[in-house]
Amino acid sequence: MIVELGHYALVLAFALALIQFLIPFSGARLNDPALMRVARPSAIAQFSFVSFSYAALTYAHVVSDFSVVNVIENSHSLKPMIYKISGVWGNHEGSMLLWVLTLSFCGGLIALFSSNIPKKLCADALSVQGLIGAAFLLFILLTSNPFARVYPAPWEGRDLNPILQDPGLAIHPPMLYLGYVGYSIVFSFAAAAMIGGRIDAVWARIVRPWALFAWIALTLGIAMGSYWAYYTLGWGGFWFWDPVENASLMPWIAGAALLHSVVVMEKREALKVWTIFLSILAFSLSLLGTFLVRSGVLTSVHAFASDPERGVFILAILIFFIGGALSLFAMRAGALPLGGVFAPISREGALVVNNLLLCASCATVVIGTLYPLLLESLTGEKISVGAPFFNIVLIPIALPLAFLMPIGQMLAWKRGDLAAALMRLRFAFIIGVTAAAFFGVVYGAPLLSIFTAGLALYLIVGSFGDIVRRVVSGGMTARTFLSRLGGLPSSAWGATIAHSGLGLSLLGLAATGWGVESIVAMLPSKAYDVGPYQMVIEEISPREGPNYSEIFAVMSVQRQGVSIARIEPAKRFYPARKMARSEAGIVTLGLGQLYAAIGESHPDGTIDARLYYKPMVTLIWIGAVIMAIGGLLSLADRRLRVGAAARRAPLSSLQGQPR
Amino acid sequence: MTRKGKRMTLIVCALAIIGVAVALILFALRDNIVFFYTPSELAKKQASFGVRLRIGGLVKEGSVVKNDGRDVRFIITDRNKDLEIAYTGLLPDLFREGQGVVVDGVLEDSGKLRADSVLAKHDERYMPRDVADALKKQGVWQGEKK
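These protein sequence lines are chains A and B, in that order.
Position one of the first sequence corresponds to residue 41 (the working numbering), numbered consecutively onward.
Position one of the second sequence corresponds to residue 111 (the working numbering), numbered consecutively onward.
It is possible that some hints are incorrect.
Said to hold, decoys possible - As a list, the in silico BS3-like pairs of lysine-lysine whose alpha-carbon atoms are at most 25 Å apart:
(1) A:Lys422 to B:Lys116
(2) A:Lys454 to B:Lys114
(3) B:Lys155 to B:Lys222
(4) B:Lys155 to B:Lys191
(5) A:Lys454 to B:Lys116
(6) B:Lys154 to B:Lys191
(7) A:Lys307 to A:Lys454
(8) B:Lys114 to A:Lys307
(9) A:Lys307 to A:Lys159
(10) B:Lys176 to B:Lys155
(11) A:Lys422 to B:Lys191
(12) A:Lys618 to B:Lys170
(13) B:Lys154 to B:Lys170
(14) B:Lys176 to B:Lys222
(15) A:Lys307 to B:Lys176
(16) A:Lys422 to B:Lys176
(17) B:Lys170 to B:Lys191
(18) B:Lys222 to B:Lys191
(19) B:Lys116 to B:Lys170
(20) B:Lys222 to A:Lys422
(21) B:Lys170 to A:Lys422
(22) B:Lys222 to A:Lys566
Read the hints as simulated data drawn from the structure, not as lab findings.
Whenever a hint applies, use it, and build me the whole structure from the sequences.
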């Protein structure tokens, strides 16, 4: 019964989404405030109904209701509770429902935090949001119904894919979707601005927190997914340039470009056309990612099932929204007055260069991801474009970007002084060169790692240059220092922290060049060298888990004969799906990690093992978390905060009466 | 700087970055893409030695020979042509005789493929699409067992 109610709630949510699209839209055209006011309650109602529907599906999974096809195919009565709950999105239907839940959540957020934005803009944005919701709800109802029943119900389910049975499943997909779908808010506002024809600094100020919000969630979601792949696949890799990973990287890069261009639009009323274009692009790339992952064009652990009907449906949604937004853009962009042309050496000039470099990187990822698909559909030739392609193309674009970041931050708006900026950064240059020399002596080749590590330290230190410039001056007292420090807006800290986070990630990436990998057939009680450490197997034995059985090895990690840690890599077997999976043993020593995965055991008593020493590897993810913290600091800035703005004059009054 | 000069600087800057990116992409696409073949397609193409390839097919029954735990030799077949593979390293958890695999490696002048990675299918409902397509082409596809 609850399952049927869930299905019914989904149908009602579809109807509400249509109302949310049609009524406020007509209201905005007819200038009827009563009709426009329908937008907010209908968005909140749509979110409530989708939430109910989602809760109903979760209920079916929790009580192991095996009369529901989705539960049979992805659950098992013995599965631990955390995977019964998070396993709801571990399949095609459930993950689409989570997508729509996130989308309606974003609609609800706009409704809640829009009391002080122009009425018409709000109505139009929620109306576009409603249309996107309606399209995806229809997709679920017609092609991917998660509530389908089966009779007779089997006694036991087929269990969830073991690779997904990991705590990462509880965090990675919701976080990633919040980022992906968060860009729908920016997209809706861009479409609304184009429909209403008012594109100005007020718009930029409204959109900036949402662009930050989506970017923070996407950063954390990608970092989480990468760490999950790292510890669960047993290969020691954290990024495989798999099209599915690229699908999340594309909107992330476009979103990072948007974060920077929207600042220029807010501060200088310039780059308007470009910012609107990036707003459309970020969500378009999210939609493209959804298409690549959910349509079955790609095979991966993320693509749960392939069904041509679904692929065509998502492609139609994709073409409708991207095509629609771009046509609207083409109609409106020409009519926009050109913003002021500004000096190349200035903050805004630097931000333009940042945007060019980011867009060039984004384009390479798009080309590298789509080229094999296009080539195959046109010529039937199958190719794979992997790490070598992306390394050759992206490194020469990304490293100059890292070099320019602190310099751009040091330039003033309107007219910057390049020589003075470089002069102020001399300390960072010295640190970078010294660090490169240090790493060269300690770790040695490859040269690229030494160079990148030096650049990373320059970036970390240089990011603080802007703060130092604002706070420190010759002959100041401790009191002026402290009061200036306290007076800094948190968005200044945000940019600094986020940039230095990127520097930390870059250092972690550079250090991958110094890692050690060793594949050995290990004999128990014999020590094997891995970098500066040794590993010894003390014991190999079997063990039973709730829905799997495993063979685990107890390995002791030693340095100069002294045991400093113990790890337990294991190989698990899941009988319900007859699948095996490795569970890596990882120990963090300082910033680096030792990583072990075991394979087959042999009759002579040896066991295959992959052993890795990865210096500074944790910085890759720590850096990402710090980037997100930087984003949060910017979001917390009083001048930007959506809720806090109510204490000041409403934004709409800044530009006279709302139209 | 004049207004025109500023605009020109911007355009030149943009063109330079786009130009460099396009050059990099073209350069990388020429040398860093890997073609996927089945053993039969490989026999027809007469690929030159030293080229990076990706081969998909089934592991031939009884062909897997392991020395020393780490050096493995096996044959990939599409039931029409065979190809010998030499690999050093750990085989994936799901590597079994008669199952679909995809290997990446370099063709040696002995006609063998020196593989540096071996991928096996992930679960019984899912096989690398390349392998499934190759098997369908050869007519030995057994369908997706429910």
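Here's how the hints hold up against the structure:
1. At roughly 46 Å between alpha-carbon atoms, lysine 422 (chain A) and lysine 116 (chain B) are farther apart than 25 Å, so this suggested pair is violated.
2. Restraint check: the Cα-Cα separation between lysine 454 (chain A) and lysine 114 (chain B) comes to about 16 Å, which is no more than 25 Å; the hinted pair holds.
3. Using a Cα cut-off of 25 Å, the hinted pair lysine 155 (chain B) and lysine 222 (chain B) holds, with the two alpha carbons roughly 15 Å apart.
4. For a cut-off of 25 Å, the pair hint linking lysine 155 (chain B) to lysine 191 (chain B) stands: about 13 Å separates their Cα positions.
5. Simply put, lysine 454 (chain A) and lysine 116 (chain B) have alpha-carbon atoms about 12 Å apart, close enough for the 25 Å limit, and the pair holds.
6. This hinted pair checks out: lysine 154 (chain B) and lysine 191 (chain B) have alpha carbons roughly 10 Å apart, not beyond 25 Å.
7. The suggested pairing of lysine 307 (chain A) with lysine 454 (chain A) holds, with an alpha-carbon distance near 10 Å, which does not exceed 25 Å.
8. Between lysine 114 (chain B) and lysine 307 (chain A) the CA atoms are separated by roughly 23 Å; this keeps the pair inside 25 Å, and the hint holds.
9. About 23 Å separates the Cα atoms of lysine 307 (chain A) and lysine 159 (chain A), which keeps this hinted pair within 25 Å; it holds.
10. Our distance criterion of 25 Å between C-alpha atoms is broken by lysine 176 (chain B) and lysine 155 (chain B), whose separation comes to about 30 Å.
11. For the proposed pair lysine 422 (chain A) and lysine 191 (chain B), the alpha carbon gap of about 19 Å is at most 25 Å, so the pair holds.
12. At roughly 21 Å between alpha-carbon atoms, lysine 618 (chain A) and lysine 170 (chain B) fall within 25 Å of each other, so this suggested pair holds.
13. The suggested pairing of lysine 154 (chain B) with lysine 170 (chain B) holds, with an alpha-carbon distance near 20 Å, which does not exceed 25 Å.
14. Note on lysine 176 (chain B) and lysine 222 (chain B): the hinted pairing holds, with a Cα-Cα distance of about 16 Å set against a maximum of 25 Å.
15. With a C-alpha separation of about 66 Å, the suggested pair lysine 307 (chain A) and lysine 176 (chain B) falls outside the 25 Å cut-off, and the hint is violated.
16. Between the alpha carbons of lysine 422 (chain A) and lysine 176 (chain B) the distance comes to roughly 30 Å, so the proposed pair goes past 25 Å and is violated.
17. About 11 Å separates the Cα atoms of lysine 170 (chain B) and lysine 191 (chain B), which keeps this hinted pair within 25 Å; it holds.
18. Between lysine 222 (chain B) and lysine 191 (chain B), the direct Cα distance comes to roughly 13 Å. Compliance with the 25 Å bound is thereby established for this hinted pair.
19. Proximity of lysine 116 (chain B) to lysine 170 (chain B) is assessed by CA-CA distance (about 66 Å); at most 25 Å being required, the pair is judged violated.
20. A hinted pair counts as satisfied when its Cα atoms are at most 25 Å apart, and lysine 222 (chain B) with lysine 422 (chain A) qualifies at roughly 21 Å.
21. Between lysine 170 (chain B) and lysine 422 (chain A), the direct Cα distance comes to roughly 23 Å. Compliance with the 25 Å bound is thereby established for this hinted pair.
22. Taken as a hint, the lysine 222 (chain B) and lysine 566 (chain A) pair is broken in the structure, with Cα atoms around 35 Å apart against an allowance of 25 Å.
In this structure, the earlier hints numbered 1, 10, 15, 16, 19 and 22 are contradicted, and the remaining ones agree with it.
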